[in-house]
Amino acid sequence: MPIDVVISGAGPNGLMLACELALAGVRPLVLERLTGPSGEQRANGLVGQVVRMLDRRGLHERLTGTAAPPSPAPGFMFGAFPLDFTALPDNPVYVMMVPQRRIEEMLAERATELGVEIRRGHEVTGLTQDSGAVTVEVTGPAGPYRIEARFLVGADGGHSVVRKLAGVGFPGVTTDRRISRSAHVSMPAELIDPVSGGLLVPGYGTVPPFLHHRTERGLITFARFPSGPQLMNTTEWLEPGDDAGYEEPLTIAELRDSVQRVLGVDVPIGPPEGPGPHLLRRLTGGNTRLADRFRAGRILLVGDAAHVHSAMGGPGLNLGLQDAINLGWKLAAELRGWAPEGLLDTYEAERRPAGRRVTMHTQAQAVLSGPGSEVTALRELFSELLADQNTVRHLANLIAGADIRYDMDMASGGEGTASAGVAGVVPGNAGGAPGVAGMTPGVAGGALRVAGTVPGEADAALTGRWAPDLLLRTAGGAVRLAELTRDARPLLLDLTDGGTLTDGGTLTDGGTLADVAAPWRDRVDVVTARCDDAGVTALLLRPDCYVAWASASPSPDDRQRAELRSALGRWFGHPADTGTEGAGQPSADVRI
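Quick note: the sequence shown uses UniProt numbering, first residue 1, plus one each step.
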């Protein structure tokens with residue numbers, strides 16, 4: 001019997017996908033070339049939409065140890081420019097400072113809890129596929145063997161074996177002039193700003209914490225963590241024709257010399273204290289690449305296997321985890337037999353443009369952070385643009401990935417015959433969604449502020465956007481929307497008076513929203529609640545928490561009920577119960 005899904009790669013992206021599949025009742029098998037978790041220090045945290053996505057699965061609490069929802073960051077950086085978000089009423093940038101090693105450990109623990117099998121020391125070496133399955137050739141500790149799977153997902157990094165074996169191109173550019181040095185270090189206590197945590201450099205000034213700090217000679221980053229050693233990173237650029245000539249491993253002395261060149265003064269950097277593992281790494285060059293396909297038949301790509309970019313825009317993990325969450329429920333729907341035609345193709349249609357957008361702005365940031373007086377002149381001009389809060393808001397949405405809006409067009413949908421069609425990505429404007437004067441996620445009562453009173457305009461403004469957290473009142477008490485999405489199921493949130501009352505309190509004849517969703521009760525949860533100041537009265541959320549349908553009407557009419565039915569069919573397939581839906585039919589399962 002074929003395995004449902006083989007995932008090549010037990011990094012965070014592969015493990016996140018495994019968790020999503022397991023939540024949906026799918027049996028994945030994870031194969032990892034390494035015999036144990038990678039000890040390599042890579043990303044030091046997550047930035048943007050992905051932080052809230054982890055909260056939607058209950059994983060933010062596991063990583064931070066607090067049940068409190070994530071809060072927006074007061075600032076971040078773009079192209080080595082510090083950005084101040086404190087004046088933004090709808091700040092979408094969230095930051096979670098957690099080492100990638102810990103993220104990987106947590107996801108491995110979660111996957112194991114969900115029954116996922118992880119085979120370490122097993123490497124994919126070949127594959128063939130036909131219309132019904134993929135045959136995966138694997139080399140393990142006991143020798144070579146074969147696995148038959150219905151799908152294979154490459155989550156095996158920028159040098160993806162799966163991508164190469166599938167014949168998927170990986171076009172882009174390689175930069176060989178940049179040298180990055182990173183190491184855990186110890187610094188004299190008197191050089192650490194007790195308030196900001198920045199680095200006080202005699203003869204130079206302050207290097208702010210966690211942000212790229214640029215001079216005309218290079219970049220420096222200093223990070224102080226609550227426990228463990230500090231992290232120092234420098235980036236320099238070689239002159240054309242220069243040879244890096246580095247054959248020996250990086251040393252603290254080499255890093256110290258690099259800091260001196262970047263800042264122009266000596267800084268007393270010492271080796272890290274305490275138990276390891278400790279980072280000591282030199283990287284030369286860099287790549288910006290985007291796979292020309294994210295799907296090749298029964299083979300799909302996520303994370304760095306699909307896209308790599310400069311770390312100027314934050315770690316690739318921000319993008320890869322979102323790939324996994326987008327793909328997981330669609331792949332599960334295909335495997336469980338209820339996916340509408342074309343649903344799996346929307347993974348590439350939605351995530352490849354998102355990847356292209358990230359590679360675009362990270363290239364722009366790399367240029368802005370480069371060396372030389374010409375770049376300094378460009379930065380002076382760019383800094384003038386940052387005086388406009390619309391520019392800051394636009395960059396905040398870009399950094400967070402909150403400017404992404406998926407195409408949820410339901411024109412081809414219909415009850416039981418909906419086609420997922422071809423989804424796309426609609427970049428948002430600098431001020432957020434058209435017709436939406438702020439989408440404030442992650443705060444109690446943070447709401448969708450819908451401009452105008454015409455329900456159709458409000459509906460159109462919200463569909464395709466990621467749903468912010470809402471504080472809801474249910475029969476069981478107060479609950480955040482994030483707490484209702486932990487099991488990765490589609491969710492219909494009904495904030496009307498049961499969906500049956502007009503403004504004047506008269507009972508309508510069309511049935512409740514739960515009645516409309518009743519035929520999909522096996523895969524769509526319905527929650528009836530109240531929410532102060534929400535600005536909407538109903539939301540249909542996909543498992544990745546994007547809004548598939550919305551209503552701002554206090555009592556949805558026949559047209560809106562038909563649109564809901566169409567959205568249910570478009571995204572969640574043929575209903576299990578095709579009987580006539582109406583006020584007299586049983587309601588869908590209500591979960592509060």
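By construction, these hints were calculated from the structure, which means they are not laboratory data. Be aware that one or more of the hints could be misleading.
[To be verified] Pair by pair, the computed Cβ-Cβ distance ranges are:
1) GLY132 x ASP558: 24 to 34 Å
2) GLY132 x LYS164: 22 to 32 Å
3) GLU273 x THR139: 39 to 49 Å
Ideal placement from N, C-alpha and C gives every residue a C-beta, glycine not left out.
So, going through the hints one by one against the coordinates:
Our hint of 24 to 34 Å for GLY132 and ASP558 is violated, since their Cβ atoms are close to 42 Å apart. One distance hint, 22 to 32 Å for the beta-carbon pair GLY132 and LYS164, holds here, with the actual separation near 23 Å. Evaluation of the 39 to 49 Å hint for GLU273 and THR139 yields a pass: the beta carbon distance comes to about 41 Å.
In summary, the one numbered hint that this structure violates is 1.
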